[in-house]
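Asker: Sequences listed follow chains E and L, in order. Under the working numbering, the residue at position 529 of the first sequence is numbered 529, and the numbers go up by one with no gaps. Position in the second sequence (first residue = 1) + 535 = the working numbering.
There may be inaccurate statements among the hints.
Subject to a maximum C-alpha distance of 25 Å in a straight line, what follows is the list of computed BS3-like cross-link-like pairs (lysine-lysine) [to be verified]:
| no. | chain 1 | residue 1 | chain 2 | residue 2 |
| --- | --- | --- | --- | --- |
| 1 | E | K25 | E | K115 |
| 2 | E | K455 | E | K309 |
| 3 | L | K1140 | E | K309 |
| 4 | L | K1123 | L | K697 |
| 5 | E | K309 | E | K452 |
| 6 | L | K727 | E | K482 |
| 7 | L | K1136 | L | K1123 |
| 8 | E | K212 | E | K25 |
| 9 | E | K28 | E | K163 |
| 10 | E | K419 | L | K727 |
| 11 | E | K163 | E | K309 |
| 12 | E | K115 | E | K28 |
| 13 | L | K1136 | L | K727 |
| 14 | E | K419 | E | K455 |
| 15 | E | K309 | L | K727 |
| 16 | L | K697 | E | K455 |
| 17 | E | K452 | L | K697 |
| 18 | L | K697 | E | K309 |
Keep in mind the hints are simulated off the structure, nothing from the lab.
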Amino acid sequence: MQSHILSIILFTPLAGALLLLFIPKQNKDLIRWVANLASLLGLLVSVPLVPWFWAQRYDPGFKFIEGGSNNWIPSIGAGFHLGIDGISFLLIMLTTLLGWISILSSWTAIETRVKEYYIWFLVLQTGMLGVFMALDFFLFFVFWEAMLVPMYLLIGIWGGPRKLYAAIKFFLYTLFGSVFMLLGILFLYFNHHTLTGIYTFDLLALYQTAPKIEFHYAVWLFFAFFLGFAIKVPMFPFHTWLPDAHVEAPTAGSVILAGVLLKMGTYGFVRFSLPFFPSVVMDSRVRSWMIGLSLVGIIYGALVSLMQKDMKRLVAYSSVSHLGFCTLGIFALNPAGISGSVLQQINHGISTGALFLIVGILYERRHSREISEYGGISNVMPVYATITMIMFLSSMGLPLLNGFVGEFTILQGAFMENKMWAAWAVSGVILAAAYLLWLYQRVFFGPVTNPKNEKLHDLTGREMLTFAPLLIAAFWIGLYPKPFFQILEQPVNALVQTVRPGYPGAGAPVNAGVLPPPAAAEAAVVPTPAAKGTN
Amino acid sequence: MTPSLHLWLIPILPLVGAAINGLMGRRCSRHAVSGVAVAFSGAAFAMALWVASQISSLSLPHLELLSPWIRAGNFQADFAFFLDQLSLLMLLVVSGVGFLIHLYSIGYMWDDAGFSRFMSYLNLFMFFMLTLVLAGNYLLMFIGWEGVGLSSYLLIGFWFTKDSAASAGKKAFIVNRIGDFGFLIALFLLIKHFNTLNFAQLFEQIRPLQPEVAGAGLLTAIGLLLMVGAAGKSAQIPLYVWLPDAMEGPTPVSALIHAATMVTAGVYMVARSHLIFDRAPSALTVVAIIGTLTALFAATIGIAQTDIKKVLAYSTISQLGYMFMACGVAAYSAGVFHLMTHAFFKGLLFLAAGSVIHAVGGEQDMRRMGGLRKYIPWTFWTMTVATFAIAGFPPLAGFFSKDEILWKAYSSPHGSWVFWLIGVVTAFITSFYMFRLWFLTFFGEYRGAQPSSKAKLATEPAAHDSHAPDPHAHDNHGHGHGTPHESPMIMVLPLAILAVLSFVGGWVAIGGRFERFLAPVFDSGLTASVAESAAETGGSTETLLMGISIAAAVSGLFLAWFLYHRQPALPARIAASLGGVYTAVYNKYYVDDLYNTVFVKPLLKGSTTVLWHGVDQAAIDGTVNVAADSARHVSDSVRHMQSGNLRSYAGWVAAGAAAVIAYIIWAGVR
């Protein structure tokens, strides 16, 4: 069971999609039941992974390995090779959870072409899981591209009035990035052959040879991958597909898009860019650019978010700001920064996922996302207003909720590298309070001025069920994030050791004495030789 | 091994109350809701008293660890609690005053539709405030710090259907966040250089350090950044602007959060960090200057306000300024002493003002009050005690604490006669505006709700009348405007208790007992201590200065009596003759307008026109669309190849083949 758990998690949604093919499309309720059960099953089969992974959280290397190199298409050296570490483990759990929630949230929202909708959604789910599990670059690319199509269709068919523009923009932007990434992958592939005489796409093999590429080639390669990932994140200035895609996408599509899809970009940086090109990411010019774009994203996203008139567009721009924190943490290149970044990716999935659900609930009742259409909603939907307040607070990083833990850790990591990075990023925290509280005031406070809002009914049981796991997760991470940091400790330390060999790791003395000069702190290294595990 | 006191229970108890009322309060009777709210806040107070009784058997500071919390890299912060004389004192003040205000709120909010929500928020506030006070590290303190900000936001905007209330709550939160910027950066500096935020380990590392001379060093930077945070929370220049607006909240909230407890968190934080400030004399001077200026500045605004709560709000800002003045001259125990007496008399002033507002049916404009002493004697007498206390009349509490601050401002090695002088002038103004309030409210004829009273409204010119009655929400209980009436027993009782405390609360310092109690906390670990140099200055100066400050208080009373009781027509004439100066003061020196013009509006406008429309839509999307369009044009022309015409396909295939052959030949030739 343990040896095939990843395949089971990966293919359960796909199996559900196949099952749906055999149900007549008129039978909408049956389709809904089957799709929901399939996604629930998809969540349930991932649950055993939790205790199993926990038991080996400190073990080096990838775990739950399945398949191996070159066993899929041996002629080109592609393998069906799966495996996870703490980083991908957390993202997989987020994906199975959000997948279930978004399918549950679609019950009444989707009335047309129901069967296709759920089929594509389940296919998308498999595609996303595959991206986080693949240990083979060919396999990774297949999943990466495969999940583009269902998302394109979700926006293009079930989207809003400008759905075609948004869908094509999303598709072309992402495809543009992936083309460069593909070139990068091929370069690594041929480079591996040059060095070893073996053609393989296997990640663990490429980990060995990619860092040996000379700097002036590696820079180009880094930026080829960067284009693929930065568009996905999205980093400023590649973000303009995101607001359009979000505004037009159906609610569940937005939840998955923000919750999981964007994380593929940040995941790509962590899984590929950093260990492949350590000399490039440590190059001060490249690093300044990465940090600079992150900081611009944080502040720019927040400022533009402040002025939006459409709720969904506002949340979309806030994502640009939040993801800026994630990339800032990654390029801080120290344990606090990277583990904070991964945790913040999870947090963003929880809180922004919830924010899109929140907007979707009003949209389903009123078919408008214009902020000016609302006001005084607290009077008519008190439970909804309370849940919204909690999720807003989580999103703006209030202590005891999840967002604070992630942001604080990232900022602390950034501060260790450069005080100004943290200082600029903190101003994003101030602005987050401004745009969210202003939104809350305009939608929820004041008297009910619009007569259409007078009779809105509060949350149904199903809707509350979609929020319950997100609320629990938000409080859990806020109050007791320790297990999450433990899960991230091994892979993050290994990553930092790869990029910056000899960085004072988690083993450094906690109380090193009075005001150690920086040089002394650097010297007090307890090197933890934790290079990436080879297969 | 000292016994465990289970300190974590003290904050958790009100949290339980908040949860019960928040989840079930809507379905329960008001009696049940008030029972829960009072029981859990009372239990926290009882436990605080019990802890105080155990103090002799403890070795202070006493530390308790509940559970680990954040751990990242090699830095760790826990849910840990820290009890010493300072946190014990804060604990007693917060839970004690908080408990009394819970009682009062039952009466005050009884008829409000959101009664259970209010009680739940109030309990929630107690949870965060007690966490802040008992925290064993800066990060846990920061939880409380943000949490009280959240409760404050929720309670200011309690009547959320009213737009001004909702805006005031938002403003408070955002301005506080600007302060938190400094606090957070200070924490990162501490982590970077000391690798811990735990008070015990941190102060152990700081104690052996020497003071930083003249200017910028690490501790100076940390001190200044902490002061930025304190200025936000404790409403000091330049971040004070949220507090007057916060008066939109129900009056018990103003008393509890915006007078007695939360706004003093900044003072507590500076006092808690005194080892850092002791070693950063320049930061200390900045604290003193900010405090002194704020004290004077806010007091002058207080003179011209006509809303009874706004007067008290500016008075709070001013009094907090005194506390920072004390901290800034390294007289932390004087600052904390004033914090305590201020909690008594300012809490009382707000509660009594609430009782006045309650009595006159929701009116807050003092020009429509007057003569109320006959109608509401309990409120009148308790408020009289508080007024004399804040004005600094001996032997009331405010006299002792304010005099202590003024003396230290003069005599401390960090002090200066300038601080003292401004302090005395402020004391005079304080006395004046407080007795102005007292005379306008309680003396003369009742000017409210009677047609004949219109003429009296001209007592002071109003630039605009901000108090049009609001049908939705106000401190309004639906009582008919008729004869003003006394508040119920449950509101009067807290008034009476606080009046007693405002009277005798200062006596704890007689003979230096208060300072000695806190001395172990405020031991700077440096050689030249404040106490020694104070002793050198000698007793006769002290007596002289004390006489001057009493004279300032008395002359303030006299002037207010003359202008607002004896010659009530005179203030309007004076105001008119002052012209622009008066208008500027009445409009709070236009600081809010300045901030709006300089910061808020350009930010909003720039975000819309430059960033959103300019960069996002025009520049980036423009480029993207142009690229896509030109791609489409290219493919449009290429599309003609796919005409569906078989012969044309054949032609293209032939052309393609010819091209391939040509290439092969060319390659072969080469």
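Asker: If a hint holds in the structure, say so; if it doesn't, say that too.
Answerer: Okay, the hints, checked on the actual structure:
{"no.": "1", "hint": "E:K25 to E:K115", "verdict": "6 Å, holds"}
{"no.": "2", "hint": "E:K455 to E:K309", "verdict": "23 Å, holds"}
{"no.": "3", "hint": "L:K1140 to E:K309", "verdict": "14 Å, holds"}
{"no.": "4", "hint": "L:K1123 to L:K697", "verdict": "23 Å, holds"}
{"no.": "5", "hint": "E:K309 to E:K452", "verdict": "19 Å, holds"}
{"no.": "6", "hint": "L:K727 to E:K482", "verdict": "21 Å, holds"}
{"no.": "7", "hint": "L:K1136 to L:K1123", "verdict": "19 Å, holds"}
{"no.": "8", "hint": "E:K212 to E:K25", "verdict": "54 Å, violated"}
{"no.": "9", "hint": "E:K28 to E:K163", "verdict": "24 Å, holds"}
{"no.": "10", "hint": "E:K419 to L:K727", "verdict": "10 Å, holds"}
{"no.": "11", "hint": "E:K163 to E:K309", "verdict": "19 Å, holds"}
{"no.": "12", "hint": "E:K115 to E:K28", "verdict": "7 Å, holds"}
{"no.": "13", "hint": "L:K1136 to L:K727", "verdict": "36 Å, violated"}
{"no.": "14", "hint": "E:K419 to E:K455", "verdict": "51 Å, violated"}
{"no.": "15", "hint": "E:K309 to L:K727", "verdict": "41 Å, violated"}
{"no.": "16", "hint": "L:K697 to E:K455", "verdict": "20 Å, holds"}
{"no.": "17", "hint": "E:K452 to L:K697", "verdict": "20 Å, holds"}
{"no.": "18", "hint": "L:K697 to E:K309", "verdict": "22 Å, holds"}
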